[in-house]
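Could you put the whole structure together from the sequences, leaning on the hints where they help?
The chain contents come next:
Number of protein chains: 2
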Amino acid sequence: MNLLLLEEADFIAPDRVVLGDRRLTHMQEVHRCEVGDSMRVGRIGGLMGSAEVLRLEAGEAELRVTLDQSPPSKLPLTLVLALPRPKMLRRVFQTVAAMGVPRIVLVNSYRVEKSFWQTPFLEPEAIREQLILGLEQARDSVLPEVVIEKRFKPFVEDRLPAIAEGTLGLVGHPGNYPPCPRGLDEPVTLAIGPEGGWIPYEIELLGKSGLQPVQLGERILRVETAVTALLARLF
Amino acid sequence: MNLLLLEEADFIAPDRVVLGDRRLTHMQEVHRCEVGDSMRVGRIGGLMGSAEVLRLEAGEAELRVTLDQSPPSKLPLTLVLALPRPKMLRRVFQTVAAMGVPRIVLVNSYRVEKSFWQTPFLEPEAIREQLILGLEQARDSVLPEVVIEKRFKPFVEDRLPAIAEGTLGLVGHPGNYPPCPRGLDEPVTLAIGPEGGWIPYEIELLGKSGLQPVQLGERILRVETAVTALLARLF
Numbered sequence: 043m044n045l046l047l048l049e050e051a052d053f054i055a056p057d058r059v060v061l062g063d064r065r066l067t068h069m070q071e072v073h074r075c076e077v078g079d080s081m082r083v084g085r086i087g088g089l090m091g092s093a094e095v096l097r098l099e100a101g102e103a104e105l106r107v108t109l110d111q112s113p114p115s116k117l118p119l120t121l122v123l124a125l126p127r128p129k130m131l132r133r134v135f136q137t138v139a140a141m142g143v144p145r146i147v148l149v150n151s152y153r154v155e156k157s158f159w160q161t162p163f164l165e166p167e168a169i170r171e172q173l174i175l176g177l178e179q180a181r182d183s184v185l186p187e188v189v190i191e192k193r194f195k196p197f198v199e200d201r202l203p204a205i206a207e208g209t210l211g212l213v214g215h216p217g218n219y220p221p222c223p224r225g226l227d228e229p230v231t232l233a234i235g236p237e238g239g240w241i242p243y244e245i246e247l248l249g250k251s252g253l254q255p256v257q258l259g260e261r262i263l264r265v266e267t268a269v270t271a272l273l274a275r276l277f
Numbered sequence: 043m044n045l046l047l048l049e050e051a052d053f054i055a056p057d058r059v060v061l062g063d064r065r066l067t068h069m070q071e072v073h074r075c076e077v078g079d080s081m082r083v084g085r086i087g088g089l090m091g092s093a094e095v096l097r098l099e100a101g102e103a104e105l106r107v108t109l110d111q112s113p114p115s116k117l118p119l120t121l122v123l124a125l126p127r128p129k130m131l132r133r134v135f136q137t138v139a140a141m142g143v144p145r146i147v148l149v150n151s152y153r154v155e156k157s158f159w160q161t162p163f164l165e166p167e168a169i170r171e172q173l174i175l176g177l178e179q180a181r182d183s184v185l186p187e188v189v190i191e192k193r194f195k196p197f198v199e200d201r202l203p204a205i206a207e208g209t210l211g212l213v214g215h216p217g218n219y220p221p222c223p224r225g226l227d228e229p230v231t232l233a234i235g236p237e238g239g240w241i242p243y244e245i246e247l248l249g250k251s252g253l254q255p256v257q258l259g260e261r262i263l264r265v266e267t268a269v270t271a272l273l274a275r276l277f
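Residue numbers (the working numbering), protein chains in the order written: chain A, 43 to 277; chain B, 43 to 277.
Since the hints were derived computationally from the structure, they do not count as laboratory data. Note that beta-carbon positions come from the ideal geometry of N, C-alpha and C, so glycine has one too. Wrong hints could be hidden among the right ones.
[To be verified] Partial list, computed: chain A residues near chain B (C-beta under 10 angstroms):
# : residue
1 : 91
2 : 270
3 : 277
Spelled out as structure tokens, the structure:
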């Protein structure tokens, strides 16, 4: 935790918060905070800054906050991701939040196991928890938007064209395709497939909606690694 | 597992192997192999190719192998990594093996907790197990070399200069440094710090041995994510 994120409910005055959960535990056990110490904070959805510990007790801490810094800018990107297996999904949420992805669309694909859609990690509170871990890691205060699209075809045919319009549309896909471009400034819509990859029909449909395949070489990467590698190369 | 890796001990003839461990379980439960099926294989430290299932029983499988393909090329890189916490270490081994790093030096740093050096995940067999998972994922048959350097100063002063000589020497480090370069063809020696980063003394000593700081922006990434992001950007 490189940034302590503050919820609306923590505020007891415009410049005062009271905390009493895992964040307090972390302050005490990892940072070994004492009264008078200062730490980096951010208001979820708002500014970042610093906080001074005014009071520290077993069950709660009171901090005076000064919020005067903008969060880091996000990538100009919509990430369309075939739903990964649950364990991977949690880490992917952390990774994309940490890397500054502003919008993620989780979509079905032929090679997504149906059972993956039943995972409790897709509950809004579970998603938010992982996104916050990523923001705390990277020092960002703005949650990415997560959209869930359980049906591939209606999403790709009806809604993806409007998302991709005016952006560079790319699909990460192994094969005889152009290499993934590097160091872009323009907005991108990037689709990343499931373990085992998209099927040809999906590649074709994504292409009709404006997303063209690009490859990262012959090595097959886990989804989480592929997401990080593609984003690091694109921006 | 996108590639079945074969050990020397599996061979009962130059073109025959008998398997009976987790690889057999994987063949049966994930790939649902039957006699006559073909699968991708690689000989550890040797060539890759295909294998035909000749015999499949509860306890073992016999395969006829044809090894006629070179493994994918490795990155022109030595990665010097401050020892991550044990849970992260295991994933980092998989990631670097999957991404094609040929040599990893695990080094101490001021911010590496001493207890991390006690982890059983540093036993040679445990390291090899994780590296093999990475190779199986990426379809590569050549294990990276892993060097363990428990003392920072003697390594950086006495051995790092010879490693870095004739390469571009870089240290991933947040701060007011040049951005990490992109799309290199030349050999690189890259050092990546622990959670919390290198201390100034370490940056100075790495610099004297030929490694200059570069940064990836203001977001602080987990070690595993930083490794992937730096490699994807450099090569």
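- request: State the violated hints by number, sorted upward, taking the hints as numbered earlier in the document.
  value: 1
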